[in-house]
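Chain by chain, the residues run as shown.
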Amino acid sequence: MRTDVHKINEQTPHQELTEGLMMFAGGTSKYFCTGEWRTNTPIFHADLCKQCLLCAPVCPDVSIPVKDGKRADFDYDHCKGCGICAKVCPFGAIEMKEGR
Amino acid sequence: MARKDRMSGNEAVAFAIRQVNPDVMPAFPITPSTEIPQMVSTYIANGEMDTEFIPVESEHSSMSAAIGAEAAGARSLTATSSAGLALMWEELLLAASNRMPLALTLVNRTLSGPININCDHSDGMGARDTGWIQIYAENNQEAYDNFIQAYPIAEHEGVHLPIMICQDGFITSHAVENIELLEDETVKAFVGEYEPEEYLLNPGKPIAVGPYSVTNYAMEAKKNQEIALENAKDVILEVAEKFEKISGRKYGLFEEYRTEDADYIMLLIGSAAGTAKQAVDDLRKKGKKVGVIKLRVFRPFPAKELAEALKNCKAVAIMDRCESYNGNGGPLGSEVTAGLFRNKVMIEAVNYIYGLAGRDFTVEDVYDIFAELEDAIVNGKEVEQYQYVGLRK
Chain U
296 MRTDVHKINE QTPHQELTEG LMMFAGGTSK YFCTGEWRTN TPIFHADLCK
346 QCLLCAPVCP DVSIPVKDGK RADFDYDHCK GCGICAKVCP FGAIEMKEGR
Chain C
27 MARKDRMSGN EAVAFAIRQV NPDVMPAFPI TPSTEIPQMV STYIANGEMD
77 TEFIPVESEH SSMSAAIGAE AAGARSLTAT SSAGLALMWE ELLLAASNRM
127 PLALTLVNRT LSGPININCD HSDGMGARDT GWIQIYAENN QEAYDNFIQA
177 YPIAEHEGVH LPIMICQDGF ITSHAVENIE LLEDETVKAF VGEYEPEEYL
227 LNPGKPIAVG PYSVTNYAME AKKNQEIALE NAKDVILEVA EKFEKISGRK
277 YGLFEEYRTE DADYIMLLIG SAAGTAKQAV DDLRKKGKKV GVIKLRVFRP
327 FPAKELAEAL KNCKAVAIMD RCESYNGNGG PLGSEVTAGL FRNKVMIEAV
377 NYIYGLAGRD FTVEDVYDIF AELEDAIVNG KEVEQYQYVG LRK
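Residue numbers (my numbering), protein chains in the order written: chain U, 296 to 395; chain C, 27 to 419.
Quick caveat, the hints were computed from the structure, so don't treat them as lab data. The beta-carbon is built from N, C-alpha and C at its ideal position, and this holds for glycine as well. Hints should not be assumed to be uniformly reliable.
Unchecked claim - Derived DSS-like pairs: lysine-lysine, alpha-carbon spacing no greater than 25 Å straight-line:
#, chain 1, residue 1, chain 2, residue 2
1, C, K231, U, K302
2, U, K302, C, K248
3, C, K231, U, K325
4, U, K375, U, K365
5, C, K249, U, K302
6, C, K419, C, K407
As the list claims (entries may be wrong) - Not everything, but these chain C residues come out facing chain U in the computed CB check (under 7 Å):
#, residue
7, A234
8, V235
9, P237
10, S239
11, K249
All chains should be modelled from the sequences, with the hints used to inform the complete structure.
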């Protein structure tokens, strides 16, 4: 029953799908680019950012990558543009723009 | 080997559960199925089995917990009746679409309203399109035997679907009758241990169960589920054959009683089959060519097999212990007539609604129905095609 789910796509015939659409792998949600749904986009102004990191934990889609205690630019493959980060930023370092 | 005893239907199923000793049983009490979890928890308290019993706060939770346990890798089950099954509705569909081979012992009771606690099949029939396998029993013996066959059917690799083992509320669940029980070791050997290939609590082999499916996948998944239900038909027969070897009792998709040369057949589900068989014996003594078909497996629905079994009779009385409010008949009536039509068997087929909410169904009722069928065929009398039995007018 265990199949390589990475070989399954939207052209796969029904006989080759997994039972109950079970996923035989971990962390597969990263392959689902929910960023396609975005209608508003956060823009990161690195010059205004104090690296307080209030934004990263409130992101519902884990789309603010943090490395060595510093945030980097947005992961636009998964950011849905909800704007929570922009609301929480005390320094105006995140600006919401209309569109993708 | 086998042991003779006397038990109610609930006792019989609880006894079978003890013998199978599944891993997890979440349950919430509701009349008339309450005794089943009650008896199972007594067995557990007495150290006669080691199932993990979870007292939950509702049937919505009992089915959710049963699905969760099954996905985790446990063999799970629950019991319910009537409104309890209705409250499970959302999860019933998930159990099937997530391909969880768990069991539910349903003690059939009418759905409200008017509020009533007695037997009819409106609960089970209400869940007929949820993707579950449904097997109905005539008496305590069949309820016991069907439960022992439940997991080997549900867990079969070509099936992997949940299974509902149904018996009539009070009439079967609370009436004490003779029963022949199998030895514990025989049952354990027959059912075996549950060894799922994929499950959540399996370190190093991560899986996700029930993920969101976009439109491009959902239709294919539903077709696969439908194929699994079709596969269940052969598996049910294979398991029945193996069961006959350990018990001497024979089961099929339905039972045919004195139908070989019958001109008139009554087709029904559950405990009323005993009444119908008695009436058939009486009428046979008077030279009437009558018989009974008792449907055991309602899902998957054996439309082709029923059409084949009915094709040589002149008229069939299709008995529904359930109103389906479609203005055209009961669920069994609708499905059997559709099956007859598709298989081009054009016989007189009258749909009777009987025994709702515990209303008695007697041998006299059966005599009257056979007389009406005969009148239609012999004298050409026009018969109301969808009617109530024993209704005060």
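Going through the hints against the structure:
Restraint check for C:K231 and U:K302: the C-alpha separation of about 18 Å stays at or below 25 Å, so the hint holds. A hinted pair counts as satisfied when its Cα atoms are at most 25 Å apart, and U:K302 with C:K248 qualifies at roughly 20 Å. For the proposed pair C:K231 and U:K325, the alpha carbon gap of about 18 Å is at most 25 Å, so the pair holds. As the CA atoms of U:K375 and U:K365 are separated by approximately 22 Å, the hinted pair is consistent with the 25 Å bound.
This hinted pair checks out: C:K249 and U:K302 have alpha carbons roughly 20 Å apart, not beyond 25 Å. Only pairs whose Cα atoms come within 25 Å are accepted, and C:K419 paired with C:K407 is accepted, the gap being roughly 21 Å. Annotation: interface hint on C:A234 holds; nearest CB of chain U at approximately 4 Å, less than 7 Å. Contact between C:V235 and chain U, as hinted, is supported at the beta carbon level, the nearest pair being about 6 Å apart and thus within 7 Å.
Because the beta carbon of C:P237 sits about 6 Å from the nearest beta carbon in chain U, less than 7 Å, this interface hint is met. At its closest, the beta carbon of C:S239 sits 5 Å from a beta carbon of chain U; the interface hint therefore holds under the 7 Å criterion. The beta carbon of C:K249 is positioned within 7 Å of a beta carbon in chain U (closest approach about 5 Å), and the interface hint is therefore held.
Hint compliance for this structure: every hint is met.
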